[in-house]
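Asker: 102 is the number that full-length UniProt numbering gives to position 102 of the sequence shown; each next residue is one higher, with no gaps.
Check the hints yourself; a few may be wrong.
[Unchecked claim] Straight-line alpha carbon distances no greater than 27 Å define the calculated DSS-like cross-link-like pairs of lysine-lysine that follow:
{"no.": "1", "residue 1": "Lys92", "residue 2": "Lys82"}
{"no.": "2", "residue 1": "Lys82", "residue 2": "Lys64"}
{"no.": "3", "residue 1": "Lys175", "residue 2": "Lys140"}
Think of the hints as simulated: they come from the structure by calculation, not from any bench.
None of the values given here were measured: they were computed from a predicted structure.
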Amino acid sequence: MMRYDKSTLALPREGGADVLDSRDSIPWHFAANVLDYARIMLGTTEYMTKEYDREIEELTKQEKEDELLFNEGSEWTQKAIKAIEAAKDKVKDLGEVEVALAEASKHTGSSQPRQTEHDFFFYTSPPHLYLSPLDIRILKTKYGAFSQFPSTLLPRVEHISTGNTVDDTLRKRAKYLGHLPRGCLVSFLECDWTDIVPEEILETFKDDIERRRRRNREKEIQEERERLQAERIESAAYRRGAGRTNLSSMDEFTVKYSAEGDSDRLNLDEFQPLGAVGTTPPNPRPGFSSLASMSTSPSTQKTVWGTPALPPSPGLGPANPPPAVDDGWLKDDQFMGSLGAAELAVEMEALGVENFAPEGAPAGSSSGKGKGKKKQKQKITLMSTGGRRGN
Numbered sequence: 001m002m003r004y005d006k007s008t009l010a011l012p013r014e015g016g017a018d019v020l021d022s023r024d025s026i027p028w029h030f031a032a033n034v035l036d037y038a039r040i041m042l043g044t045t046e047y048m049t050k051e052y053d054r055e056i057e058e059l060t061k062q063e064k065e066d067e068l069l070f071n072e073g074s075e076w077t078q079k080a081i082k083a084i085e086a087a088k089d090k091v092k093d094l095g096e097v098e099v100a101l102a103e104a105s106k107h108t109g110s111s112q113p114r115q116t117e118h119d120f121f122f123y124t125s126p127p128h129l130y131l132s133p134l135d136i137r138i139l140k141t142k143y144g145a146f147s148q149f150p151s152t153l154l155p156r157v158e159h160i161s162t163g164n165t166v167d168d169t170l171r172k173r174a175k176y177l178g179h180l181p182r183g184c185l186v187s188f189l190e191c192d193w194t195d196i197v198p199e200e201i202l203e204t205f206k207d208d209i210e211r212r213r214r215r216n217r218e219k220e221i222q223e224e225r226e227r228l229q230a231e232r233i234e235s236a237a238y239r240r241g242a243g244r245t246n247l248s249s250m251d252e253f254t255v256k257y258s259a260e261g262d263s264d265r266l267n268l269d270e271f272q273p274l275g276a277v278g279t280t281p282p283n284p285r286p287g288f289s290s291l292a293s294m295s296t297s298p299s300t301q302k303t304v305w306g307t308p309a310l311p312p313s314p315g316l317g318p319a320n321p322p323p324a325v326d327d328g329w330l331k332d333d334q335f336m337g338s339l340g341a342a343e344l345a346v347e348m349e350a351l352g353v354e355n356f357a358p359e360g361a362p363a364g365s366s367s368g369k370g371k372g373k374k375k376q377k378q379k380i381t382l383m384s385t386g387g388r389r390g391n
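Whole structure, please, built from the sequences with the hints as guidance.
Answerer: The following block contains the structure:
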């Protein structure tokens, strides 16, 4: 790149010298490399009219998209188009005067040679990549003058220093960056010139090169240490649940039910369906006590009120008689047969039962009047704790 002293216009040296020699502080748009490198330029009537028409076309297209997608009106778009139309009418009044001025500037610049001892020559690459000051000193030692620098260099880049802001200090240290605006972010390329610059010249800058490499290594080690420290802090925050607000539902579950000393890696074997075999955690873990008490039976149907519905009753069939088991108690017929008539009468009298005739006795013997009328039998089963109780 080539830039004259006290000028903000920097152009490639090949093809840019004619534009810089024209003595115009602001170049025309049709000059070589101006559209790619100049921050401000002059435009002819034809060029400016074409640019205004392109801008109106883009605004009209945007107006239709906003109306279809967002149902927005065209008030502000029409105001912008009217402002562009007004500027377009002013450009038409200029005529071709600017073309004549451009031709005059060419002849004026070619007739006045200038001194080049204060010109700047430097290398650049978009977006704002420049050679570091140390590399510029190495090349100046080899070539002798900035104007003798080759147009293209292919070195091996060792490091890229980023985040440098253009200020007064940087402008004093790297005067070839004086055309950049204050606050512009630039990056410097630090290269290895082993195959380009002779060994004896590199030996002169050996201490500076080694100091720069050592600084870069220490910076990389420090950045790696800070990265590992940040990862440990983040991992500890996840285990403590500090980052729960920024986690998804699955991550919250993982943080809640992960042990304090376990790895951060998620084990999917612990999150199988509860009804499957082998899903119980092998070790006691916080939070699984509630899961162990949960029922794994299939869910039952519910009523319209949300209560569990009763299962349908099974079909009723004849019940099978229970097997005969000797429990030590006499059966009814055995107990009645073991009592005599006198014992039965005493028992009935104790119970307050009158006019009782034992089973098998004649009907007339139970009545003193002997009317011959047969009375209804009464059969009562009693339990006895003595007699023939089984052992």
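Asker: With reference to the structure, classify each hint as holding or not holding.
Answerer: Hints and how they fare:
1. Lys92 - Lys82: holds, 16 Å
2. Lys82 - Lys64: Holds. Lys82 to Lys64 sits at ~17 Å (cutoff 27 Å).
3. Lys175 - Lys140: holds, 14 Å
Going down the numbered hints, you'll see the structure goes against none, and every one checks out.
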